[in-house]
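> Protein chains in written order, with my numbering: chain A, 1 to 610; chain B, 1001 to 1610.
It should be emphasised that the hints constitute simulated quantities derived from the structure, not laboratory data.
Every residue gets a Cβ at the ideal spot worked out from N, C-alpha and C, and that includes glycine.
Honestly, I wouldn't trust all of these hints.
Stated by the list, open to error - Only pairs whose alpha carbons sit at most 27 Å apart, straight line, appear in this in silico DSSO-like list of lysine-lysine:
(1) B/LYS1362 x A/LYS605
(2) B/LYS1360 x A/LYS605
(3) A/LYS589 x B/LYS1589
(4) A/LYS360 x B/LYS1362
(5) A/LYS360 x B/LYS1234
(6) A/LYS362 x B/LYS1234
(7) B/LYS1223 x A/LYS555
(8) B/LYS1234 x B/LYS1223
(9) A/LYS555 x A/LYS284
(10) A/LYS555 x B/LYS1234
(11) A/LYS555 x B/LYS1605
(12) A/LYS589 x B/LYS1223
(13) A/LYS360 x B/LYS1223
(14) A/LYS362 x B/LYS1360
(15) B/LYS1605 x A/LYS362
Said to hold, decoys possible - Partner residues aside, some chain A positions facing chain B, computed with beta carbon under 7 Å:
(16) VAL301
(17) LEU302
(18) ASP303
(19) ARG554
(20) LEU561
(21) THR565
Unchecked claim - Per label pair, the in silico range of CB-to-CB distance:
(22) B/ASP1398 x A/ILE131: 35 to 43 Å
(23) B/GLN1022 x A/SER372: 37 to 45 Å
(24) B/GLN1600 x A/GLU238: 33 to 41 Å
(25) A/ARG16 x B/PRO1049: 24 to 32 Å
(26) A/PRO49 x B/GLN1600: 55 to 63 Å
(27) B/THR1464 x A/PRO49: 51 to 59 Å
2 protein chains.
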Amino acid sequence: MSRQFGKVLIVNLDDRASRTWQIEDQKCRQFIGGAGLAAYVFQQLAPDPVAPLDPANPFIALTGPLTGTAALLSGRHSFAGRSPQTGFWGEASVGGHWGRELRRAGFDGLAILGRSEEPVYLYLNDGRLEIRNAGHLWGLDTFQTDQALKAELGDKVQTCVIGPAGENLVKFSGLFTDGVHARTAARCGLGALLGSKRVKGIAVRGTGEPPLREPEALKESAKALLADFTGRLKGMSEFGTPGLVGPCESIGDLPINNWRQGRWTEGAKRIGGQELKENYLKKKFFCAGCVVGCGRTVAGVLDPLLQETGGPEYETLGMLGSNCLIDSMPALLRLNELCNRLGLDTIDAGAVVAFAMELKEKGLIGPAELGSIDLDWGNAKAAEELIELIARREGFGDLLADGLEAAAERVGGLAPEYAIQTHNMALPAHDPRAYSSIALGYATSSRGPCHVNAFSHMFERATTFPEIGVEAVLDRFASQGKAEMVVGAQHVMYLWDSLAMCKFNIFGGVRLHLVGQWLEQATGWDVDAAELLEAAERIFNLKRVLNIGWGWSRKDDRLPLRVLTLRTNDGGAGDHLPPFNVMLADYYKIRGWTEEGLPQPETLKRLDLA
Amino acid sequence: MSRQFGKVLIVNLDDRASRTWQIEDQKCRQFIGGAGLAAYVFQQLAPDPVAPLDPANPFIALTGPLTGTAALLSGRHSFAGRSPQTGFWGEASVGGHWGRELRRAGFDGLAILGRSEEPVYLYLNDGRLEIRNAGHLWGLDTFQTDQALKAELGDKVQTCVIGPAGENLVKFSGLFTDGVHARTAARCGLGALLGSKRVKGIAVRGTGEPPLREPEALKESAKALLADFTGRLKGMSEFGTPGLVGPCESIGDLPINNWRQGRWTEGAKRIGGQELKENYLKKKFFCAGCVVGCGRTVAGVLDPLLQETGGPEYETLGMLGSNCLIDSMPALLRLNELCNRLGLDTIDAGAVVAFAMELKEKGLIGPAELGSIDLDWGNAKAAEELIELIARREGFGDLLADGLEAAAERVGGLAPEYAIQTHNMALPAHDPRAYSSIALGYATSSRGPCHVNAFSHMFERATTFPEIGVEAVLDRFASQGKAEMVVGAQHVMYLWDSLAMCKFNIFGGVRLHLVGQWLEQATGWDVDAAELLEAAERIFNLKRVLNIGWGWSRKDDRLPLRVLTLRTNDGGAGDHLPPFNVMLADYYKIRGWTEEGLPQPETLKRLDLA
């Protein structure tokens, strides 16, 4: 075996020195890889405490031991660091082809420390690092930057870049790979973290292969699953995540009118997966190692020469669409492309636009802030104008660029009530009033309100989840059993983010014992499901400990007041409100935490985190 | 008729000018009197906004149209102003003999504006006002001050004074009447408000009678009730409020060990009403117009010459006793007398001691803060030493004197989690985990967490309350029906505080139609129960509007995290946690408020508050 998993390139921009760090195998086994191992790497490299925009805050990229192998849906990787948006743990995982290419270039991870004086980009080419001037790229959008890098370095490079929003330290700016196909790691403002280091992008190219102990066995095992697997994910393949818009609307899960409305059936039809498929879809997009192709490819809008670009996901349609009452698919394709090019998270962008629309409705802002922008509900052109201002930090956009909570505090009055966020980060497009467990998942997620940290709602209504002990279908409105479910689901999901592999594996039928087998074939670790879940619990608690060091306590396990106290009534969630405090009490107990939400010393000791 | 109800003496200490304001009859009918009319008076007299310790913040005292009449339990009055403790609406109602004497002196109310250069006291003697130097009284405790005033002015004066705590602007210092019998209007820090004006006390003496239209009819009507009334309140007469300690412990309503423990049966016996009656009670204390005598008179402790003094109430026993794990009745008699003399609220004092005990337990404070004070759980001597430091604002006591929230923020770390308060004011000794409706009552009370603003728990378990539409006995742990109940109960209780009459009238069987009859006999208003409840709703909403002007919104309708998320488990409340957010949503709707907790314009218009 040429090398083990865990080879991380550490680059310091202050002195442009770099070194390779081979993380010891035992630590890799304890933290797996991806977003899990990233927390360990962070803890080893970062001063304590480090401010989010301090040059010493490391920007971390990590793949997993199965990234780029024959394991199904294994083409993902994670970015991490202390979040400029929330001030707490920041991570964003994403698919595409960049992670696999990083491993082919000879590295499993990358950590960037310090700050460059001039704009630069990094080029990793088969084990070699170059730090190159990026003065000519600064100010370009993400598509243009990818194009320019490919022109310089050849078509085969994979790039991860930031847009103008990241350069301007917009708090909800992200990282973009796969060029015009725009795979986005956009939550937690890690685009601003890279921007603060004056790094426009990271190009990677390699001709090697990731280390594997039994590549043939792994390939065989994956192949054997294929038919059954793709059968189970047929709907996702056909409609992508936009296929969720209709079903989510029908059960009251889709945010509408800044989380105030329960029903929007005609609108949901106009922005749903069926509409997208029938009238706009050019082809599917597949990440590395993918056999599903949930990604949508559509024609470009902003540049008439652009033949193909990444289409909107469910989250984008929910946050920029229904939540802003924008019901035109062409308008949403345009807004999606705009955010991707400027380098913005579409979840926070949609939430900020809806927030500003409500500010205008309530008379808290007017012409003085908006100029000629006619920011009425459903006005897509106005949304576009506002998003441009945000990315460029011009006028009122400069204030919104600091995130929902920061902006609302400066607007004053009741504005914080209309900012549907916690920790300065927008709630994603699943409504805690539609499923009790989401309430708990949002509140206790390590990285701020996140729908995929627990993903528990996927199991709450229709299926059991025996892998984590959920043997009966639960009542989605009840509190009973939800804390157990969320704890279990968080472990499973943190594991997949650490692998870093696509969670749709779960819906394809991949169980943890099989993951253990793949890991053994890749690394030699003889891990079973129990050890994997324990690793996930370790990872979860390490992130909690990091957050606690930055001031997190029970008061931060919270939800916006609107979803706790406003009933939507007329929709599929009926008059349900999540019984939040009751579930949270259960949750602490199950986690072995104090009533203040701190891990007990014995819990940390059990997890080898003492 | 010599005069109407609504004659208020306005004193300005800046120029020592005074004038009489006869409030128009229509306004009196709309706001009744007491704590209700005080809000109207405040609105008329105070600049908007006014800081709590600004000389322009009026100190208001108001009786009701039945104060000092033959109406049962009518010997009460209210104090009010913007609270130095919470920064929001502040009021405290109390019994005793001061209010009746104020009316005999020819006034129904009093408002003090401005600030004196030198310490003074006010002397109202049969319509005449004197502002006298109080240099010789400054620094005396409340008992000594009362004694000195009686030596100067004669034994027949009734005094309302502050102690050293009020002089030192301790945020939970109160107002004390009836001398050694210590009737205390101690919540909301109105002692500090009077202290900030450099007023040590207000002595009143009068030989007149309150205006009444049909005194004989009123007397007859009250008399006719007597036998049945006193029969219903026999238990209260025999044991006073200390009789509640045992029953409250048994249902999980008594705070124990800073709200962490559910069961303390032996301790509760040692500090309960039976023990007090058998071994310490000298006689009962009756407020003016009282036929029950729930007040306890016991021997003095701190001064061996003191034959009689006011004994502890349930709240004192709960907050300084069980909540601090102090289970000695002699120790509690001593702590009660100490707080009364120093001029402190025993609810906040107990909460602050328990908070400090937990800080010590958790290692957040130690010898540097406490010196030689051995602040372990249950140590009454240490509690006494700490309370002395608070009243004198010495050492660590200076920090605690600013109130729970302010102190906790300065201690830092997790200290805010151990401060069981909202708006810098301690939760009183009834546990929201024992009855769901208390949760809502505490959170929405105009004056911060208050058990008597809704008093709904008195009806939640065992009785119906047809007067407010509660026709069935409700499940104390459920959320259903609780918002309706709390809204109705708040109206009834706000009415009694506006009358200002004792709420035990309810338990004696006095219904609102009878109150209307008494009011007609006193004032000529032909008011029925519906009009009285509408007045209460008007008063409730006026206070809400005042609070909103000072920044209150839905975020302020809250509870401490401990009572929302920590189960006591082993006690009478079992594993119950109040389903708070669900009830709050109902509550806003019933009140005709927006989802942000603001009264709708049409609600205000309906109540003639537009």
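> With reference to the structure, classify each hint as holding or not holding.
Tested hints:
For the given pair, B/LYS1362 sits about 20 Å from A/LYS605 by alpha-carbon distance, which is consistent with the 27 Å threshold. Between B/LYS1360 and A/LYS605 the alpha-carbon distance is near 25 Å, which keeps this suggested pair within the 27 Å criterion. Between A/LYS589 and B/LYS1589 the CA atoms are separated by roughly 34 Å; this puts the pair beyond 27 Å, and the hint is violated. About 47 Å separates the Cα atoms of A/LYS360 and B/LYS1362, which puts this hinted pair outside 27 Å; it is violated.
Of the pairs offered as hints, the one joining A/LYS360 and B/LYS1234 is violated, with about 60 Å between alpha carbons and a cut-off of 27 Å exceeded. Between A/LYS362 and B/LYS1234, the direct Cα distance comes to roughly 55 Å. Violation of the 27 Å bound is thereby established for this hinted pair. Annotation: proposed proximity of B/LYS1223 to A/LYS555 is violated, straight-line Cα distance about 54 Å (limit 27 Å). With a CA separation close to 17 Å, the supplied pair B/LYS1234 and B/LYS1223 stays within the 27 Å bound.
Our distance criterion of 27 Å between C-alpha atoms is broken by A/LYS555 and A/LYS284, whose separation comes to about 43 Å. At roughly 45 Å between alpha-carbon atoms, A/LYS555 and B/LYS1234 are farther apart than 27 Å, so this suggested pair is violated. The straight-line distance between the Cα atoms of A/LYS555 and B/LYS1605 is roughly 38 Å, outside the 27 Å bound, and the hint therefore fails. Proximity of A/LYS589 to B/LYS1223 is assessed by CA-CA distance (about 58 Å); at most 27 Å being required, the pair is judged violated.
Among the hinted pairs, A/LYS360 with B/LYS1223 is inconsistent with the structure: their alpha-carbon atoms are about 62 Å apart, more than 27 Å. As the CA atoms of A/LYS362 and B/LYS1360 are separated by approximately 47 Å, the hinted pair breaks the 27 Å bound. As the CA atoms of B/LYS1605 and A/LYS362 are separated by approximately 20 Å, the hinted pair is consistent with the 27 Å bound. Because the closest C-beta pair between A/VAL301 and chain B is about 37 Å apart, greater than 7 Å, the hint is violated.
Against a cut-off of 7 Å between C-beta atoms, the interface hint on A/LEU302 is violated, since the closest Cβ of chain B lies about 38 Å away. For A/ASP303, the suggested interface contact is broken, since its CB lies about 42 Å from the closest CB of chain B, more than 7 Å. For A/ARG554, the suggested interface contact is upheld, since its CB lies about 5 Å from the closest CB of chain B, less than 7 Å. Against a cut-off of 7 Å between C-beta atoms, the interface hint on A/LEU561 holds, since the closest Cβ of chain B lies about 5 Å away.
Look at A/THR565: its Cβ gets to within about 4 Å of chain B, closer than 7 Å, so that hint holds up. The hinted range of 35 to 43 Å is not satisfied by B/ASP1398 and A/ILE131, whose Cβ atoms lie roughly 56 Å apart. The supplied range of 37 to 45 Å is broken by B/GLN1022 and A/SER372, whose beta-carbon atoms lie about 57 Å from each other. The beta-carbon spacing between B/GLN1600 and A/GLU238, approximately 47 Å, falls outside the hinted interval of 33 to 41 Å.
Checked against the hint of 24 to 32 Å, the C-beta distance between A/ARG16 and B/PRO1049 comes to roughly 57 Å, which is inconsistent with it. Distance hint check for A/PRO49 and B/GLN1600: the Cβ-Cβ separation is about 46 Å, which falls outside the suggested range of 55 to 63 Å. Checked against the hint of 51 to 59 Å, the C-beta distance between B/THR1464 and A/PRO49 comes to roughly 57 Å, which is consistent with it.
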